[in-house]
Amino acid sequence: MRGLVFRREWITGWLLLLPALVFLFAFTHIPAVTTILNSFFSTPRGRRQAKFIGLDNYERMIGDPVFWKVLWNNLWFALGTIPVSVALAIVMALWVNEKLLGRSFVRMAYFTPTVLPLIAVANIWLFFYTPGFGLFDQITGFLFGWPATNYLGDPDTALNAIIVVTVWKEAGFFMIFYLAALQSIPVNLKEAAQIEGAGRWTIFRRITFPLLMPTTLFVCVNAVINSFRLVDHIFILTDGGPDNASALLLFYIYEVAFRFWETAYGATLTVALLILLSLLAISQFFFFDRKVHYK
Amino acid sequence: MLKSFLLKAVAATALSFSTWASAQAVDLQFYFPVAVGGKAAETIQGLTDEYAAQNPDVTIDAVYAGSYQDTVAKAITASRGGNPPQLSVILSVDMFTLIDEDLIVPFDDYLTTDEDKKWVDGFYPAFMENSQTGGKTYGIPFQRSTPVLYWNKEAFEAAGLDPEVAPATWDEMVEFGKKLTKKDASGNVTQWGVRIPSSGFPYWLFQGLAIENGAILANAEGNKTNFDDPKVVEALQFLVDLSTEYEIMAPGIVEWGATPKAFFEGQTAMMWTSTGNLTNVRDNAPFKFGVAMLPEKVQRGAPTGGGNFYLFKGASDEQNKAAVKFVQWITAPEQSAKWTIATGYVAPRPETWETETMKAYAADFAPALVARDQLEFAKAELSTYQNQRVTGIFNDALAAVITGKKDAATALKEAQAEADKILAEYR
Chain D
1 MRGLVFRREW ITGWLLLLPA LVFLFAFTHI PAVTTILNSF FSTPRGRRQA KFIGLDNYER
61 MIGDPVFWKV LWNNLWFALG TIPVSVALAI VMALWVNEKL LGRSFVRMAY FTPTVLPLIA
121 VANIWLFFYT PGFGLFDQIT GFLFGWPATN YLGDPDTALN AIIVVTVWKE AGFFMIFYLA
181 ALQSIPVNLK EAAQIEGAGR WTIFRRITFP LLMPTTLFVC VNAVINSFRL VDHIFILTDG
241 GPDNASALLL FYIYEVAFRF WETAYGATLT VALLILLSLL AISQFFFFDR KVHYK
Chain V
1 MLKSFLLKAV AATALSFSTW ASAQAVDLQF YFPVAVGGKA AETIQGLTDE YAAQNPDVTI
61 DAVYAGSYQD TVAKAITASR GGNPPQLSVI LSVDMFTLID EDLIVPFDDY LTTDEDKKWV
121 DGFYPAFMEN SQTGGKTYGI PFQRSTPVLY WNKEAFEAAG LDPEVAPATW DEMVEFGKKL
181 TKKDASGNVT QWGVRIPSSG FPYWLFQGLA IENGAILANA EGNKTNFDDP KVVEALQFLV
241 DLSTEYEIMA PGIVEWGATP KAFFEGQTAM MWTSTGNLTN VRDNAPFKFG VAMLPEKVQR
301 GAPTGGGNFY LFKGASDEQN KAAVKFVQWI TAPEQSAKWT IATGYVAPRP ETWETETMKA
361 YAADFAPALV ARDQLEFAKA ELSTYQNQRV TGIFNDALAA VITGKKDAAT ALKEAQAEAD
421 KILAEYR
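Protein sequences, first through last, are from chains D and V.
Counting in full-length UniProt numbering, the first sequence tops out at residue 295, every number present.
Counting in full-length UniProt numbering, the second sequence tops out at residue 427, every number present.
Don't read these hints as lab results, they were simulated from the structure.
Among these hints, one or two may not hold up.
[What the hints assert, rightly or not] BS3-like mimics (lysine-lysine), calculated; alpha carbons at most 27 Å apart, straight line: (1) D/K51 with V/K182; (2) V/K261 with D/K69; (3) V/K261 with V/K231; (4) V/K313 with V/K325; (5) V/K313 with D/K69; (6) V/K313 with D/K51; (7) V/K321 with D/K69; (8) V/K359 with D/K51; (9) V/K288 with V/K183; (10) D/K51 with V/K74; (11) V/K231 with V/K74; (12) V/K231 with V/K118; (13) V/K39 with D/K69; (14) V/K406 with V/K231; (15) V/K413 with V/K118; (16) V/K325 with V/K39; (17) V/K118 with V/K325; (18) V/K74 with V/K136; (19) V/K406 with V/K421; (20) V/K359 with V/K379.
All figures in this text were calculated on a predicted structure; none of them were measured in a lab.
Modelling step: build the complete structure from the supplied sequences, incorporating the hints.
And the structure:
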């Protein structure tokens, strides 16, 4: 009798899990496994079938200068976007959490970039960056008499120009999480500290920031994923150029798989991205977990 | 009761009859990209509707598939998934890729009569270079373009040049450019002499320079490139010199999209860009402008560009026949004239230019003829097997040289070596 009940619960459990499981397998696990399998085969073209080539694709990847370049670019992109956008988000959140005139307007203004589609944003920034009559050149030319600067057309500045757009786009989104977290911090903690004579900076460092840690972990995980995921604007702003100076890993994967139609090599690059992301996710939780205090 | 039953029976019979009739009609699915603004999509839709109205035995489902890049990606994915379109407009340079993927069939099997053969010969030869290989016709030119030089007549006049005369040679372009380049008191350039955009796909306009210098970038079989030909190196050096030595063009990568705007704003007195911008410039330039062929070095020259019709594998014989008939209709003079006037694409058949509509259009707007006249000197656009990858390598090399990271000879030699590695298996 007990066995029967157990079985029935077991079936119900699986039935409840089934819908989510089907989608998870169809759109996450099966594609991931297929990708890994494909990376060991050659690209099928027309009448030529894919054949097993072992680690050839991986050898090619290690010898591919573009792969190392985009990986390096991605590292810079991550270093350039994550700390700045998180710091900006905290500063903005602290500011709009105060009682100030036109607070909702400022909050809305900060959040607007998040609502806009990245492609549209990129088209606007394209004209900000345009040499000569673009917004930035008009400002710097008017104020300092600088000559026209080709921000997107110079390999030394192209990636930085893209980082600026990304930070602008992301900071407002992260701000919302910090704002929510700030409002859940009990005011009496702050008041108690003030009675003890703590300054604003001490309060932030000793009370606010530690209590924001769970949010920081969440935001950082998101920011890391975004630094590998956000490539839409590159298509509009630079198309990865000049000479791959602003191409990121995911952009390169798209290019290899859907422009060059080298699907097998694209799969190999995807495996590299998967490994990289899982390592990052694991180490982040491992590293941060000790410093995060959940209530 | 009986009456309603009878009515139902009649309705059911009529219904099954009509489904039977539509099963007899040939269904065609047709993907098309839109690469220029304006009325391109509406015009194609309008033309297909018109055709369907005239030919009730054919139903055509015209699908707007995004940019050229999106369209080829969709067509390849759909074919791999076993659901290919019967017909699609795709870049002419993707021909070798589509052959390599075994996705298209040549038109020849469906062009058997003498009349049909004459029809194929009725296209401008420059457009057919990217459409035929190995003695077979895989593409029928449709939305084709070529780059031309636009110049600002008022700026020419202000610089003391004859506003009606465009530079005919490289030397003249440099000479005019020097006169047209203006600087303000602090030495910043306010108006450049010329603008040859180089973002994204620098190879296209650069190919104009290479052809003018007597070089051919790839062979007709699509399995050998000549990137390190000294004439190509020389052409690339000239492109770089425009910014560094002659100082008549903005340095670094010059953006495509902003080029017409820079021309309208007086940032540049001359620009090289596609004829596809003709209608845009006509509507928006606040000054008088002229359109000329690209200047020559040892010869006149320009690449062609744009999209062709392709027949996809997997269709029935009937569908292919219907598709070919549709292609013949839409490239016929009257339809083609409508298309050219709406978009600025070059009508691909000489006979179109003989129609009253086109004559009236050209009389009213002479620059439209420049692209047509340039076709005599135009060559195939760079196209090889694994085209996107090979041109990608070439683009990277060009960008590295334009931004001063590598010198022309080294970069092109490296690009040639990489292209050879890819193309070796197709020889």
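Going through the hints against the structure:
no.	hint	verdict
1	D/K51 with V/K182	violated (61 Å)
2	V/K261 with D/K69	violated (33 Å)
3	V/K261 with V/K231	violated (32 Å)
4	V/K313 with V/K325	holds (17 Å)
5	V/K313 with D/K69	violated (39 Å)
6	V/K313 with D/K51	holds (24 Å)
7	V/K321 with D/K69	violated (49 Å)
8	V/K359 with D/K51	violated (57 Å)
9	V/K288 with V/K183	holds (23 Å)
10	D/K51 with V/K74	holds (25 Å)
11	V/K231 with V/K74	violated (38 Å)
12	V/K231 with V/K118	violated (37 Å)
13	V/K39 with D/K69	violated (41 Å)
14	V/K406 with V/K231	holds (18 Å)
15	V/K413 with V/K118	violated (42 Å)
16	V/K325 with V/K39	holds (24 Å)
17	V/K118 with V/K325	holds (15 Å)
18	V/K74 with V/K136	holds (25 Å)
19	V/K406 with V/K421	holds (21 Å)
20	V/K359 with V/K379	holds (26 Å)
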